[in-house]
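Kindly produce the complete structure, drawing on both the sequences and the hints.
There are 2 protein chains.
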Amino acid sequence: MLEDGLREDELFRHLSSIKEKDRSYRKVLSSMCSIPHPVAVRAHNIFIESNLGDPGLFMGTASLEAELIERLGSLMSLPEACGYATSGGTESNIQALRIARENAGKKSPNVIIPESAHFSFEKACDILSIEMRQAPSTEKYIVDTERMEDLIDGNTIGMVGVAGTTEYGTVDPIEHLSDIALDRDLFLHVDAAFGGLVLPFIKGSPPFDFRLDGVSSISVDPHKMGMSTIPCGCIMVRNPDFFRSTEVDTPYLTVKKECTLCGTRPGGPVAGALAVLDHLGRKGMIEVVERCMENTRFLIRGMEELGHPVAVQPSVNVASFSCDETPDGWIVSRTRHGHMRTVCMPHITRETLEEFLKDVGEM
Amino acid sequence: MLEDGLREDELFRHLSSIKEKDRSYRKVLSSMCSIPHPVAVRAHNIFIESNLGDPGLFMGTASLEAELIERLGSLMSLPEACGYATSGGTESNIQALRIARENAGKKSPNVIIPESAHFSFEKACDILSIEMRQAPSTEKYIVDTERMEDLIDGNTIGMVGVAGTTEYGTVDPIEHLSDIALDRDLFLHVDAAFGGLVLPFIKGSPPFDFRLDGVSSISVDPHKMGMSTIPCGCIMVRNPDFFRSTEVDTPYLTVKKECTLCGTRPGGPVAGALAVLDHLGRKGMIEVVERCMENTRFLIRGMEELGHPVAVQPSVNVASFSCDETPDGWIVSRTRHGHMRTVCMPHITRETLEEFLKDVGEM
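Chains A and B, in that order, are what the protein sequence lines are.
Residue numbers for the first sequence follow our numbering, so the first one is 29 and each next one is one higher.
Residue numbers for the second sequence follow our numbering, so the first one is 29 and each next one is one higher.
A hint or two may mislead.
Note: identical chains are not told apart, hence a pair may lie in one copy or across any two.
[Unchecked claim] Simulated crosslink set (DMTMM-like; lysine to aspartate or glutamate; CA at most 20 Å straight-line):
| no. | residue 1 | residue 2 |
| --- | --- | --- |
| 1 | K134 | D211 |
| 2 | K311 | E31 |
| 3 | K311 | E38 |
| 4 | K311 | E98 |
| 5 | K135 | D154 |
No lab work stands behind these hints: they were computed from the structure.
Now the structure itself:
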């Protein structure tokens, strides 16, 4: 540690030079995060010292969290859904499987996860000492529900379905999974971290939310398509009793119990998430999502014209292609099957895509 | 959800009115968080969209995280300590116990925790399916090491010591715990979430860090006495191999593996934490800590004069008193033994304490 400390001007000259080593998002086609909306940044700053881990001190911020959950619950067809703002999809998925585990009370628990699910489920199962059984995908890159059902046994505590897969932008047959869950009396978690703020704004999207009676919990991340500041995920459950199993007593706080994973929780991103939804309204969100989906379709057409077919038609703004090379200067990623993976987030413009396609054509 | 969305001026009028329902920190004597330092807020805003979950995109921010860990590692007497920025003490404690569990590979693991440890250990043990064995405190509100040793058996995967207890501001006899850990070949985690940025700045503090050979991991939270924005905790381990056990493969990211608990991780608070340490330097931190400690001693003297003795002389700026009532308008909290608990954070001034003591005297 420095003995004397840096003057503010020196410090910020240094930090600005470090900032230049970060990529700007402009040519980043791989991320599910984006530049936060300006109203999110402004709202975040108003609540920058708010700690939702001590809601009795921050009753205003706590009311914003309740409002955010109510907005997202309504969007998921259950305005009375019970939930809280997490640090992101990983925490939400850990908490969902934790609830499922406590709820089932099996000695050697296992959970059935689609092969295409996010890698955070591997982490969650490792942490929670749950055996992870992976159900393979069909050639459409959605989970094969028959194979999923085959994996269920007496120690199965739950199943997971994904609404907007990270790799292919597909939606698992959640309706079918919901039927199986009801039939087998199993917990069903829907990972809609990405799709949760896309699918409700597209007409004719497949059903994936609490409208399906078998869906027990849903995760939705405002810091992805909700354009909030990070970190802001949300976990919502159908039955408020589910959170009883994750509660601990909290001496020396302004509340008696808490059910979250983290202790201190930032209020800024929650205010940011709510600000975006309230500023844009449903119409504004539809516009954002439509533009992202139009860009996705434009990219798919362009890539196909260049001889790089899309692996599958996506339901959200994620598209993966048969294309082994990556043009210089661009950031895309690779799926586990080796496809070139792209996400048309709000920072990706039509002009950027034209430039990208030109560069792909010249590879 | 609103159909049309609110205009910016309406939205921010609403948010400002909500903000007024949050407590200002002025009369809050219960919190281990405080108002962030202005350089932390400014640095946070420069890196507000940075996602450390994708460090290949944010190489600048990732270098700040490495610098922060190096600063804190040096402060903990091991500049080469391996670590990362967590969402706070709870995540750090979960990760430490997770590493201990994986490292030991026992079938029915148990861990020995001081009775006085933070409630997050209960959460961690529940999540990780580890039996939590609580060792009682002595009358000095530190763990009774003999009773701790008695609880160790063949399934014990580790022990925890606290440097700066949440309730009494005491430091467990970490030197003795370190000897036991070496002797019994056990993982020893030191929870210095609070004390880690206090004790190194006070002459004659008891040893608690990596100087003690038996200490395996330490958590330190810059969002407490480091005056960063939230969320910013840090977990550091002596042996970099410890993180192998928490790694998962990360397809579709700019890095191949990650060892953290969360996925998306905000870079802003990390920049904020580093900015405070670099701006204040060691001398500035000593000044902040000395002022907080002087205020703590002033409060203890004042309370004793009013007939409310301190439960135990603390080693950090936390003091708990025999005082059943709470004066109106003030936020203090209660320990599990019923003491009135106070924390003299940087936002607590001498004038505030004089006002508090006057109100206690008039109860």
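For each hint, the structure was consulted:
1. K134 / D211: Close inside one copy (19 Å), not across copies (36 Å); limit 20 Å.
2. K311 / E31: between (54 Å within a copy, 6 Å between copies)
3. K311 / E38: The answer is between: 17 Å across copies meets 20 Å, while 45 Å in one copy does not.
4. K311 / E98: Answer is within; shortest intra-copy Cα gap is 18 Å, inter-copy 48 Å.
5. K135 / D154: both (15 Å within a copy, 14 Å between copies)
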